[in-house]
Amino acid sequence: MTTTAETFEFQTEAKQLLDLMIHSVYSHPEIFLRELISNASDALDKLRYEALTNTELAPLTTDLHIRITPDRAARTLSLEDNGIGMSRDEIVRFIGTIAKSGTKEYLKALREAKTASDGKPLSPELIGQFGVGFYSSFMVADRVTLLTRRAGEAEAWKWESTGDGTYTLEPSERAEPGTTITLHLKPEDEENGLSDFTREWTIRDTVRKYSDFVSYPIRMKVERRETERDEDGKPRKDAPETVTVEDITLNSMKAIWTRPSSEVTDEEYKDFYKHISHDWSDPLKWSTMHAEGTAEFRALLYIPAKAPMDLFMRDGERGIQLYIKRIFIMQDCKELIPEYLRFVRGVVDSEDLSLNISREILQKNRQIQTIRKGVIKKVLDTLRTLKNDSKDEFLKFWGEFGRVLKEGLFQDTSNREAIMDLCLFASTNSASDLTTIEEYIGRMKEDQKSIYYMTGTSRPAIENSPHLEAFRAKGYEVLLLTEPVDEVWVGQMFEHKGKGFQSVGKGTAEIGSEEERKKSEEELKGREAEFKPLFQALKERLDEQVKEVRLSARLTDSPACLVGDLYDMTPQMEALLKAAGQEVPTSKRILELNPAHPIVAKLKDLAATDVKDSRITDYAELLYGQSILAEGGQLPDPSAFSRKLADLMARGL
Numbered sequence: 001m002t003t004t005a006e007t008f009e010f011q012t013e014a015k016q017l018l019d020l021m022i023h024s025v026y027s028h029p030e031i032f033l034r035e036l037i038s039n040a041s042d043a044l045d046k047l048r049y050e051a052l053t054n055t056e057l058a059p060l061t062t063d064l065h066i067r068i069t070p071d072r073a074a075r076t077l078s079l080e081d082n083g084i085g086m087s088r089d090e091i092v093r094f095i096g097t098i099a100k101s102g103t104k105e106y107l108k109a110l111r112e113a114k115t116a117s118d119g120k121p122l123s124p125e126l127i128g129q130f131g132v133g134f135y136s137s138f139m140v141a142d143r144v145t146l147l148t149r150r151a152g153e154a155e156a157w158k159w160e161s162t163g164d165g166t167y168t169l170e171p172s173e174r175a176e177p178g179t180t181i182t183l184h185l186k187p188e189d190e191e192n193g194l195s196d197f198t199r200e201w202t203i204r205d206t207v208r209k210y211s212d213f214v215s216y217p218i219r220m221k222v223e224r225r226e227t228e229r230d231e232d233g234k235p236r237k238d239a240p241e242t243v244t245v246e247d248i249t250l251n252s253m254k255a256i257w258t259r260p261s262s263e264v265t266d267e268e269y270k271d272f273y274k275h276i277s278h279d280w281s282d283p284l285k286w287s288t289m290h291a292e293g294t295a296e297f298r299a300l301l302y303i304p305a306k307a308p309m310d311l312f313m314r315d316g317e318r319g320i321q322l323y324i325k326r327i328f329i330m331q332d333c334k335e336l337i338p339e340y341l342r343f344v345r346g347v348v349d350s351e352d353l354s355l356n357i358s359r360e361i362l363q364k365n366r367q368i369q370t371i372r373k374g375v376i377k378k379v380l381d382t383l384r385t386l387k388n389d390s391k392d393e394f395l396k397f398w399g400e401f402g403r404v405l406k407e408g409l410f411q412d413t414s415n416r417e418a419i420m421d422l423c424l425f426a427s428t429n430s431a432s433d434l435t436t437i438e439e440y441i442g443r444m445k446e447d448q449k450s451i452y453y454m455t456g457t458s459r460p461a462i463e464n465s466p467h468l469e470a471f472r473a474k475g476y477e478v479l480l481l482t483e484p485v486d487e488v489w490v491g492q493m494f495e496h497k498g499k500g501f502q503s504v505g506k507g508t509a510e511i512g513s514e515e516e517r518k519k520s521e522e523e524l525k526g527r528e529a530e531f532k533p534l535f536q537a538l539k540e541r542l543d544e545q546v547k548e549v550r551l552s553a554r555l556t557d558s559p560a561c562l563v564g565d566l567y568d569m570t571p572q573m574e575a576l577l578k579a580a581g582q583e584v585p586t587s588k589r590i591l592e593l594n595p596a597h598p599i600v601a602k603l604k605d606l607a608a609t610d611v612k613d614s615r616i617t618d619y620a621e622l623l624y625g626q627s628i629l630a631e632g633g634q635l636p637d638p639s640a641f642s643r644k645l646a647d648l649m650a651r652g653l
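Counting in the numbering used here, the sequence shown runs from 1 upward without gaps.
Source of the hints: derived by calculation from the structure; they are not laboratory data. Some clues are possibly wrong.
To be verified - Listed next, the in silico DMTMM-like pairs over lysine to aspartate or glutamate satisfying Cα-Cα at most 20 Å (straight line):
#, residue 1, residue 2
1, K306, E339
2, K474, D421
3, K525, E463
4, K391, D421
5, K285, E263
6, K396, D381
7, K285, E393
8, K497, D565
9, K644, E515
10, K449, D433
11, K445, E515
12, K391, D381
13, K254, E223
14, K234, E246
15, K612, E530
16, K325, D352
17, K378, E351
18, K391, D352
19, K334, D605
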């Protein structure tokens with residue numbers, strides 16, 4: 001076959017990634033083999049899955065395997081699978097381009113790691129996080145050749161690159177579907193951790209270390225040289241050497257989740273986690289389960305130690321693999337795990353589901369729903385055990401995944417109470433320690449009916465907010481909620497274990513004993529008449545911004561603050577929705593005044609003398625702007641506020 005190879009350029013980000021890999025020194029360059037084996041295993045999975053619905057492909061699945069072939073003379077290493085293969089378009093799409101969203105963030109992280117390393121070996125977990133393991137070949141190879149033919153197609157394709165930013169692609173021939181990747185290896189460099197991957201034991205050790213649990217045989221032909229021996233077991237002099245070739249399987253292929261936990265070592269569990277997750281770090285925690293009854297299934301579930309880079313990306317994966325009777329069905333089974341537990345990795349193996357189950361059927365299948373409930377319960381139980389038994393480890397988990405877990409407070413009402421019991425919060429009780437809701441309730445004052453909280457952009461912004469003044473003065477603890485997810489769940493969760501949730505920035509401040517509250521109410525009500533002219537003047541000037549002006553029971557030091565009605569949206573929630581592209585009508589809030597503050601007292605006297613006094617108008621705008629700034633908000637017109645403040649300062653001199 002005479003053909004002309006076409007030359008293509010890698011996508012810009014793929015080119016940058018290649019360059020970083022080629023010119024970086026990694027502490028564990030052997031992970032390239034783990035990545036290529038994992039890709040080959042995926043290709044075998046895909047062929048087996050497609051063959052369930054395409055009978056023409058069924059004969060191709062009788063001996064699915066991966067083969068490694070080293071050639072010491074040519075210094076090449078080939079890895080072949082008889083899986084699904086790739087078409088021309090798939091080669092361009094999957095190898096010439098990094099399709100995964102967030103690539104720029106990945107590249108940025110890799111560059112930062114390279115800069116921070118100061119010439120030291122880079123952390124190898126970055127390779128797995130990229131999800132583009134094929135590129136890791138260029139850590140050990142000067143040139144990479146790929147020959148592939150997609151199952152169901154007659155034409156094969158040859159891809160080749162030296163990692164210089166371009167690659168060639170041309171039609172070729174291949175007897176059977178599948179893919180062969182041939183690496184033209186760099187010279188051995190033990191000083192920099194680059195082993196000789198044409199050696200049998202280097203390959204065997206690497207496969208056993210990283211890929212022992214792959215569910216397909218990884219085969220390699222090895223030579224055995226023997227010389228005839230005498231009765232004492234010594235080689236006979238001048239006896240000819242016999243060379244035999246043995247085809248060995250390098251991996252155990254153990255379905256680790258089917259074995260009793262007592263027979264599996266911690267190292268085996270950790271290695272399996274690294275195999276399915278492409279994570280280099282050990283998992284934080286793992287648990288196994290075997291359920292019988294309505295749905296019989298086994299599961300092996302892992303809590304990672306570190307959050308993946310795509311945790312908050314829309315198309316980020318949920319890492320649960322679905323097996324049916326030890327046969328792999330799909331990689332990213334969203335139906336088995338809710339979004340708020342998307343950090344969980346592991347496998348679920350069902351005994352009851354049909355092998356040809358589709359995504360559409362999965363969504364409606366009762367057994368899947370039963371399995372899902374069991375998986376959720378197991379994960380939450382595992383986290384509860386971690387929280388009770390190892391506070392430090394749970395704090396690590398919370399730092400990585402707490403924001404995600406809190407999504408369950410509004411996504412999963414049936415497990416809301418269990419999720420809330422796991423949540424940790426900052427509060428005014430401690431400058432450094434986090435608290436649980438249970439601990440908060442245990443510290444509540446005898447007369448306290450609600451769990452007090454305030455949302456904001458940061459802890460300092462909330463702590464300096466005037467809304468906290470009376471609560472702090474009377475010793476009431478307030479939860480400090482600073483994450484966007486907090487704005488969502490507090491609007492949907494009205495009580496926990498009989499205690500309601502009350503924002504200190506909404507409604508009326510009902511603090512103190514019933515007698516104290518009644519006394520405060522009566523005092524404020526008794527003073528409303530003398531402040532009525534001021535209320536009228538301020539409301540007239542701020543009519544477009546506020547819906548009411550009233551005296552405050554929550555202020556002790558500040559002259560004024562803005563509060564919402566009990567069910568009003570917070571300014572932070574409005575900002576979140578606007579940032580998401582939603583149209584949100586700006587809601588008017590309530591301006592509360594501190595009757596004991598000198599500014600408010602003087603304004604009251606001015607209004608009593610002349611409600612039209614221009615100074616009241618000027619101070620109305622300043623009080624409103626100052627209230628926004630005090631709660632960490634942004635002024636609608638900072639320049640106008642600044643001019644007004646400068647004018648009043650000049651008049652006072």
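Taking the hints in turn, this is what the structure says about them:
Between the alpha carbons of K306 and E339 the distance comes to roughly 17 Å, so the proposed pair stays at or under 20 Å and holds. In summary, the hint linking K474 to D421 is not supported, as the alpha carbons are separated by about 27 Å, beyond the 20 Å threshold. Distance check on the hinted pair: K525 and E463 sit about 29 Å apart at the alpha-carbon level, beyond 20 Å; violated. Our distance criterion of 20 Å between C-alpha atoms is met by K391 and D421, whose separation comes to about 14 Å.
For the suggested pair K285 and E263, the alpha carbons sit about 18 Å apart, so the restraint of at most 20 Å is met. Restraint check for K396 and D381: satisfied, since their Cα atoms lie roughly 17 Å apart, inside the 20 Å limit. Taken as a hint, the K285 and E393 pair is honoured in the structure, with Cα atoms around 9 Å apart against an allowance of 20 Å. Proximity of K497 to D565 is assessed by CA-CA distance (about 24 Å); at most 20 Å being required, the pair is judged violated.
Using a Cα cut-off of 20 Å, the hinted pair K644 and E515 is violated, with the two alpha carbons roughly 43 Å apart. At most 20 Å may separate the alpha-carbon atoms for a hinted pair to count; K449 and D433 exceed this at roughly 24 Å. With a CA separation close to 15 Å, the supplied pair K445 and E515 stays within the 20 Å bound. In summary, the hint linking K391 to D381 is supported, as the alpha carbons are separated by about 15 Å, within the 20 Å threshold.
A hinted pair counts as satisfied when its Cα atoms are at most 20 Å apart, and K254 with E223 does not qualify at roughly 26 Å. Of the supplied pair hints, the one linking K234 and E246 is violated, its CA atoms being roughly 23 Å apart against a limit of 20 Å. Between K612 and E530 the CA atoms are separated by roughly 16 Å; this keeps the pair inside 20 Å, and the hint holds. The suggested pairing of K325 with D352 holds, with an alpha-carbon distance near 8 Å, which does not exceed 20 Å.
Between K378 and E351, the direct Cα distance comes to roughly 19 Å. Compliance with the 20 Å bound is thereby established for this hinted pair. With a CA separation close to 38 Å, the supplied pair K391 and D352 exceeds the 20 Å bound. Under the criterion of a C-alpha separation no larger than 20 Å, the hint pairing K334 with D605 is inconsistent with the structure, at around 65 Å.
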